[in-house]
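**Q** Chains as they are written, first to last, in this note's numbering: chain G, 1 to 253; chain D, 254 to 506; chain S, 507 to 759.
Read the hints as simulated data drawn from the structure, not as lab findings.
Heads up, some of the hints might be wrong.
[To be verified] With a straight-line Cα cutoff of 25 Å, these simulated DSS-like cross-link-like pairs (lysine-lysine) come out:
#, chain 1, residue 1, chain 2, residue 2
1, S, Lys757, D, Lys492
2, G, Lys211, S, Lys757
3, D, Lys464, D, Lys487
4, G, Lys249, G, Lys239
5, D, Lys505, D, Lys492
6, G, Lys89, S, Lys595
7, S, Lys740, G, Lys89
8, S, Lys745, S, Lys757
[Stated by the list, open to error] Derived contacts from chain S toward chain G, CB cut-off under 8 Å, selection only:
#, residue
9, Gly639
10, Ile640
11, Ile641
12, Phe644
13, His656
14, Arg657
15, Leu663
16, Leu665
17, Gly666
18, Pro670
19, Gln744
20, Lys745
21, Gln752
22, Glu756
We put the CB at the ideal spot given by N, CA and C, even for glycine.
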Amino acid sequence: MALVAAVRGPVRVLLRAGARLPGAALGWTERAAGGGDGARRFGSQRVLVEPDAGAGVAVMKFKNPPVNSLSLEFLTELVISLEKLENDKSFRGVILTSGACPAGGCLVALSCDYRILADNPRYCIGLNETQLGIIAPFWFKDTLENTIGHRAAERALQLGLLFPPAEALQVGLVDQVVPEEQVQSTALSAIAQWMAIPDHARQLTKAMMRKATASRLITQRDADVQNFVSFISKDSIQKSLQRYLQRLKEKKG
Amino acid sequence: MALVAAVRGPVRVLLRAGARLPGAALGWTERAAGGGDGARRFGSQRVLVEPDAGAGVAVMKFKNPPVNSLSLEFLTELVISLEKLENDKSFRGVILTSGACPAGGCLVALSCDYRILADNPRYCIGLNETQLGIIAPFWFKDTLENTIGHRAAERALQLGLLFPPAEALQVGLVDQVVPEEQVQSTALSAIAQWMAIPDHARQLTKAMMRKATASRLITQRDADVQNFVSFISKDSIQKSLQRYLQRLKEKKG
Amino acid sequence: MALVAAVRGPVRVLLRAGARLPGAALGWTERAAGGGDGARRFGSQRVLVEPDAGAGVAVMKFKNPPVNSLSLEFLTELVISLEKLENDKSFRGVILTSGACPAGGCLVALSCDYRILADNPRYCIGLNETQLGIIAPFWFKDTLENTIGHRAAERALQLGLLFPPAEALQVGLVDQVVPEEQVQSTALSAIAQWMAIPDHARQLTKAMMRKATASRLITQRDADVQNFVSFISKDSIQKSLQRYLQRLKEKKG
Chain G
1 MALVAAVRGP VRVLLRAGAR LPGAALGWTE RAAGGGDGAR RFGSQRVLVE PDAGAGVAVM
61 KFKNPPVNSL SLEFLTELVI SLEKLENDKS FRGVILTSGA CPAGGCLVAL SCDYRILADN
121 PRYCIGLNET QLGIIAPFWF KDTLENTIGH RAAERALQLG LLFPPAEALQ VGLVDQVVPE
181 EQVQSTALSA IAQWMAIPDH ARQLTKAMMR KATASRLITQ RDADVQNFVS FISKDSIQKS
241 LQRYLQRLKE KKG
Chain D
254 MALVAAVRGP VRVLLRAGAR LPGAALGWTE RAAGGGDGAR RFGSQRVLVE PDAGAGVAVM
314 KFKNPPVNSL SLEFLTELVI SLEKLENDKS FRGVILTSGA CPAGGCLVAL SCDYRILADN
374 PRYCIGLNET QLGIIAPFWF KDTLENTIGH RAAERALQLG LLFPPAEALQ VGLVDQVVPE
434 EQVQSTALSA IAQWMAIPDH ARQLTKAMMR KATASRLITQ RDADVQNFVS FISKDSIQKS
494 LQRYLQRLKE KKG
Chain S
507 MALVAAVRGP VRVLLRAGAR LPGAALGWTE RAAGGGDGAR RFGSQRVLVE PDAGAGVAVM
567 KFKNPPVNSL SLEFLTELVI SLEKLENDKS FRGVILTSGA CPAGGCLVAL SCDYRILADN
627 PRYCIGLNET QLGIIAPFWF KDTLENTIGH RAAERALQLG LLFPPAEALQ VGLVDQVVPE
687 EQVQSTALSA IAQWMAIPDH ARQLTKAMMR KATASRLITQ RDADVQNFVS FISKDSIQKS
747 LQRYLQRLKE KKG
């Protein structure tokens, strides 16, 4: 359950335009590391931040049980925590950690610079919207296509595939799969590579890579929200979602 | 000689706008399976359809000897057969089977959702237009690029490469290579994955993936036809085609 | 140190619009081959051309010590040499050879049709601009993305990665890695594949593949030059470049 990458671009644009955090890295883990040297933990109920100002890196942990749902409250706390770090010049990178990443959780991971996944079949990653009878938004699609290419994205999105670690690595959804106990240390090694590059050059390069995708989202944001609300409110779609939840319950029970 | 995928998008747009068939799957085989349970075969001279209404799947076989040329007659019959299935709510998927897929045959395969190829060196797949001294249309190029990426598409199109099974799998032109006798059963297993997804979600997702490519074809369709006719009528191009056919004859003779 | 590919598109557009050379192939080597049969060498101080009119191929060697810097003088000589070959109907292909290809050298390689790299850790290839504190222009980015895909290009550009041979092959930056003494012969075999295709079909196909990228460069050329000059003239950027050069010196010393 480990994923290392820098949160940038689409996901930030979604939350708030104009993010300035030089580099945010995403680490995926459930085992919380005991706060680093001189770390003063902060954060809200749902997002725990362990800053290591000396290293210029903060580790951010999602704590929204049972499944880290991306509720409005959670996303608001996430944005506030990222803004705090952005406004503090002593931080140049962030490692985000989580325990599972279907749908929106996968998008957060894809928005980062590098992804590390723990080698445990419990941790799958993917955009499984069609399995629920709904459709991934175009900006989820664009971001997935940027990461794994058009053909793999088409198959993954049509079938709503959730990839276990080995397959996620193979298709390019994650950059590394490591034993669970090495997730945190691997994330720290990975982020060091990004921090070895002059910030201004890396940021402008990243903006160049993601500009088209981010601009498309910004331009069509309002229309996309309206489409989604109208789609999700339909009786037939609500029934489709209920069927999916019912099947989930039956699996567990 | 097996290929499984759902015919959608470009190839349908070419034939007739507004196709509604939920899922068409393409299986590539020469060995005709004896009609399934309760199947009432229909179809024309050149396209044989073996419907299995119970399973919601039809198997469609190309019978246009000697090489399944995509003549106007053949394409018309193909469209009529697909429309029949689209208008019959008991069908949700189609498996197309053929024996070879250079040029236009490759495009039909690429337009499907999944491709299975029999592990037999006789069955090659690719867009070999340059070998004949002609140029693949832009919408063949777009579809190939969507499937195997820009670099591999550039090399394949410049050299007019026909890929034998192992290479086709490696470059991503097909999704599976199986022994010849397992083509049909593999196609049925594959299409079951697509049919496990709610139709509306899968269809909207597919349309989202292929919209840009299909729109570009529709917009430029008339200009493309005129360009092609004017190009193919040139003396120099006709001579180039004759040279290629002559070489083919010499190989056989 | 060998790379085989045909110089086309972006790099030519940069230098001069309207290039007509049917096929230019790029071979990367330091070991100069003793002039071929009946070769009359020509070329300038910095670009040595060994034409083999019988085969229709010329080998072009970069001789701009110590590191084949792409100075105005060098690029001018390169263009003049290519034009000479373009205007001579007996030539259909060019093999370019060089000894190293960071930054601009990498773009020259990417602009070719095929790339061969000698299996020697001394020869790396990549766009390492961010390491110097500068940013690869958008048309470097477009060309890299066409070659290795969006995700790999983003990581490579952000980190300014220089790939050693095995990694360059893995990521798709080069098409073949061979022992140093086989670079030249491999390049000749590779270019023969391209020359087996009718020139008009191959050229039109190549133009179709690269048109979008080349048009974008042509349209934004003046703005890009102005942006670059203004960026590179900044004090902070000049200091960043000085730091990089200082580190290079310290490494050597």
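**Q** Does phenylalanine 644 of chain S hold up as a contact with chain G if the rule is Cβ-Cβ below 8 Å?
**A** 6 Å, holds
**Q** Would the stated hint for isoleucine 641 of chain S survive a check requiring a Cβ distance to chain G of less than 8 Å?
**A** It holds, given that the least Cβ distance between isoleucine 641 of chain S and chain G is near 5 Å, below 8 Å.
**Q** If you take the shortest Cβ to Cβ gap from leucine 663 of chain S to chain G, is it below 8 Å?
**A** Holds. Min distance 5 Å.
**Q** Check whether the Cα positions of lysine 740 of chain S and lysine 89 of chain G lie no farther apart than 25 Å.
**A** Cα-Cα ~22 Å, so holds.
**Q** Regarding the hint that glutamine 744 of chain S lies at the interface with chain G, is the smallest CB-CB distance below 8 Å?
**A** Violated: closest Cβ of chain G sits about 13 Å from glutamine 744 of chain S, beyond 8 Å.
**Q** Double-check glutamine 752 of chain S for me: the hint is only fine if its C-beta lies closer than 8 Å to a C-beta in chain G.
**A** Given a least distance of 14 Å, the restraint on glutamine 752 of chain S is violated.
**Q** Can you verify the interface hint for glycine 666 of chain S: is its Cβ closer than 8 Å to any Cβ in chain G?
**A** 6 Å, holds
**Q** Should the interface hint for isoleucine 640 of chain S be scored as holding, given a Cβ-Cβ cut-off of 8 Å against chain G?
**A** Given a least distance of 6 Å, the restraint on isoleucine 640 of chain S holds.
**Q** CA of lysine 211 of chain G to CA of lysine 757 of chain S, is that 25 Å or under?
**A** 36 Å, violated
**Q** At a threshold of 8 Å, is the proposed contact between arginine 657 of chain S and chain G supported by beta-carbon distances?
**A** 5 Å, holds
**Q** Quick one, is the glutamate 756 of chain S hint okay against chain G at 8 Å, beta carbons?
**A** 16 Å, violated
**Q** With a cut-off of 25 Å on the C-alpha distance, tell me whether lysine 89 of chain G and lysine 595 of chain S pass.
**A** With Cα atoms ~62 Å apart, lysine 89 of chain G and lysine 595 of chain S exceed 25 Å; violated.
Hints 1, 2, 3, 6, 18, 19, 20, 21, 22 from the list above are not met by this structure, while the remaining hints are.
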